[in-house]
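J.: Next come the chains, spelled out residue by residue.
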Amino acid sequence: MEFNIKMANRALITGITGQDGAYLAKLLLEKGYEVFGTYRRSSTPNFWRLQYLDIYKAVNLLSAELNDSSSLIDAIQNSQPDEIYHLAAQSFPGASFEHPVSYGEITGLGLTRLLEAVRSINTKIRVYQASTIELFGQGDTKPLTEDAAFNPANPYAVAKLYAYWIANIYRAGYGIFICNGIMFNHESPLRSLEFVTRKISNAVARISLGLDSELQMGNIEARRDWGYAPEYVNAMWLMLQQKEPGDYIIATNEMHTVKDFLEQAFNIVGLDWSRYVKVDKKLLRPADVTFWQGDYARAKAALGWKPEVKFDRLVEIMVNEDVTRWRRWLNGETFPWDAYNYLP
Amino acid sequence: MAKQAIITGVTGQDGAYLARFLLDKGYTVYGTYRRLSTPNFWRLLYLDIFDKIYLIPADLIDSSSIFEAIEMCNPDEVYNLAAQSFVGASFEQPVASGIVTGLGVAMILEAIRQINPKIKFYQASTSELYGNGEAKQQSEETHFRPASPYAAAKLYAHWITRMYRETHGMFACNGILFNHESPIRGLEFVTRKITNSAAKIALGLEKELKLGNLEAKRDWGFAPEYVRAMWLMMQQEKPDDFVIATNKTHTVQEFAEKAFKRLGLDWEKYVSVDERFQRPLDVNFLQGDYSKAMATLGWQPETKFDRLIEIMADEDLGRWRRCLKGERFPWDAPNYPSENSIVTRMTTSRNRI
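Taken in order, these protein sequences are the chains called A and B.
Sequential numbering from 1 applies to the first sequence in my numbering.
Sequential numbering from 1 applies to the second sequence in my numbering.
Derived by calculation from the structure, the hints in this document are not laboratory data.
The structure presented is a predicted model; accordingly, all values stated were derived computationally and were not measured.
You may find that some hints are simply not true.
Cβ-Cβ distance ranges computed for the label pairs, FRET-style [stated by the list, open to error]:
#	chain 1	residue 1	chain 2	residue 2	range
1	A	A172	B	I61	49 to 57 Å
2	B	E166	A	S42	32 to 40 Å
3	A	N234	B	R113	38 to 46 Å
For each residue, glycine too, the CB sits at the ideal point set by N, CA and C.
Starting from the given sequences, assemble the full structure and let the hints guide the process.
T.: Right under this line is the structure:
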C-alpha cells in the first residue's frame, strides 16, 4: 500500500457543465484531484455531460456567477483550490452579435472579477484562462503562433482579447501564475449543438435514420483547425504544472473546410452530403473568419503535448456517437443527452 | 440647420475643449455628465461655455440613460470621451474600469445602431494600448500590448468600435491620442500634478512633491489641438483610426525639471519618489507617429513640449497668486490639498512580487 503524504490537489473549474469543463473534471479526478466546479442555476438542469461521463457524483458543485464577485469569492474560499481552470464564459461567437454587452460582461470582466478574488484570497493559486483562436480573427494566412497579431472579428473575440490581456497584466503586475491556453476549435460528442461540428454530426445521424431530410448551413467554405477536446484539456493541466506561467497555442496544425467535415460525416453513414445540405445566408455571421491554422510548436517543446486524434478520426467519433445515441433513443432507452430537447 | 453633437464626458479636459471648439463651429452641443455630490463643472465655467451647452445626466453603466440621451438629441455626431480615465485608478478598480471604459462603448454603439446608424461616432482611444511593446515610435500599424486594466478596457473599446464600423457599416473612428495636457488636466495626472505643486512650492504653500516613476517616457501634446483632430476625423468621407501625437518623447523627470525651472526652482530640492505612486505595472515608453493624420486630416501639433510646460506652469502660478489675493474663480486645486491620505495597492506588501 502506498501512502501519499501530500494531501490531494484541489481544483476549481468554472463552467464545469460545458464540454471542456466535463472532460477536464474527468481528467483531474483520474489524477487524484479533489474537483470543485461552478455552475449557473437554470430552470432546466445542465448536468448531462457530467452524468454522461459518469462523474456527476464525484465532483463538488458550487453555484456561482461571473457577474457576481461575491459568489466567486465564496467559490474560492469554499474550495480552497491549488488550481483554478477558468472555462466559464458566454462561449458561442455567433450569438455575441445579438447581445454584445453581456459577452463583455461575462466573458471579459468575469476574469477580472475572478483574478481580483484570487489576488485577495491567495495569490499562490494557479489559474488557467481559456483563451481562443478567435483572438486572431481575419487577416493572417500563415499558421498562427503565440506571436501572431490579434484581430478579433466578433464581440465574443473582443471580450476574450480583453481577458487575455488582463491575464497578462495580473501575471506581470501581481506575479500571479496564470496561463492563457489559446485553443483552436476542439470538438467531441459533448460539444453543444449550436457549434457547427456537432450540428453536423447530430443532423447526419438523424438524416441517416430518416428523422430529418435536410441540413441548413452557413459558410461552408470556412476553414478551421479542429482537434479533439479530451486531448485539449490535458494541455490545460500541463500548462499549470510548469515552472513558469506562459501562453500556449493548442492546435492540430491541420486545416479543413466545413465542407470537408460535411463530406466526411455523410460518408460515414453512406450518404452524399450535397443531396441534403442547403446553404442559408441567414446563418452567415456579419464578419466570418475564414482562415485559421495553428502552430503548436511551443506547446510541443515546453509541455510535450501533441494531438493524437486527427480530423478523419474526430468526425468518425462524433458521427458514430450521435448515430448510436439516436438509435438507443429510438429503441426507447433513456440516458443523459442534449439533442432530443433541441429542435433547430 | 446647425449640426448637433453629443459629447459624453463633457466635464473633463477634452470634453470642455471640444465643446468650445464645436460651439465656435456653430454646433448645438449636448454633454453628458454624472451627477456628483460636488459639482464638476469648473472647466466649463473656466472656458465660459457652461451656459452655452445643454447638459444631460447620463452614465455609461446605464444603457437606458445612454439610449435616452441619443434618442432625445438625435445628434449628427457622438464623441465618446467619458471614461474612468486614470490609469493608476484602474489598478484599484479594475472591474469598474472595465465596465465604464470598455463595455460603456458597446452600449453606446448598440444604442446608435438601434436609433440611427447614420450617427457618426468618435471613440477616445489611447496610446496606452501600446503598453510595453518595443521602444520605438508607434503608429496605427503597431501591435497593442496593454499594461493596465484601463488599457485592456480601452483595447476592448477600440476593437468593438472597429467591429461596428466593419460589420454594421457605421461611421466609427478611433482617435489613438497620445498624452495631451493643459491647465485643465485633472490633478492626478503627472503633468498637472507637477505644475500645480511647483506653483505652490514657488509661493511657499508647499515644500515637496512626491512622484512615482520618473523614468517613464511619454509623448505629450496640447489638448486644445487634439480635440480639433477628433472633429477632423468625423468630417472625412470614410471612418478610420488615427494616431494623434507630437512624435517627441520625454521623461517625467524632464517635465519636472523644466516646470520647476520655469518657476525659478531647482526640481531636485523638492521632488522625491514615493512607491505609493508606482504602479504594479508601468508603461515605459510612448512615442507616436502622426504621419497618417498629417497626410489624411492635414493635422499637426503646434505646441511642443517646452511651450506646453510654460503654459501649464504659468497658468497654475497665476491661479495660486490670484487665489492668495482673495480672488475667486472656477478651479479644482484648492479643494485638493494633498494625496497623503490615499492608500493604494502599492502600499500594501501583499501585492509586491
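J.: For each hint, tell me whether it holds in the structure or not.
T.: Results for each hint:
1. A/A172 / B/I61: 49 to 57 Å: violated, 28 Å
2. B/E166 / A/S42: 32 to 40 Å: For A/S42 against B/E166, whose Cβ atoms are near 34 Å apart, the range 32 to 40 Å holds.
3. A/N234 / B/R113: 38 to 46 Å: holds, 42 Å
Going through the hint list in order, the structure does not satisfy hint 1, though it satisfies all others.
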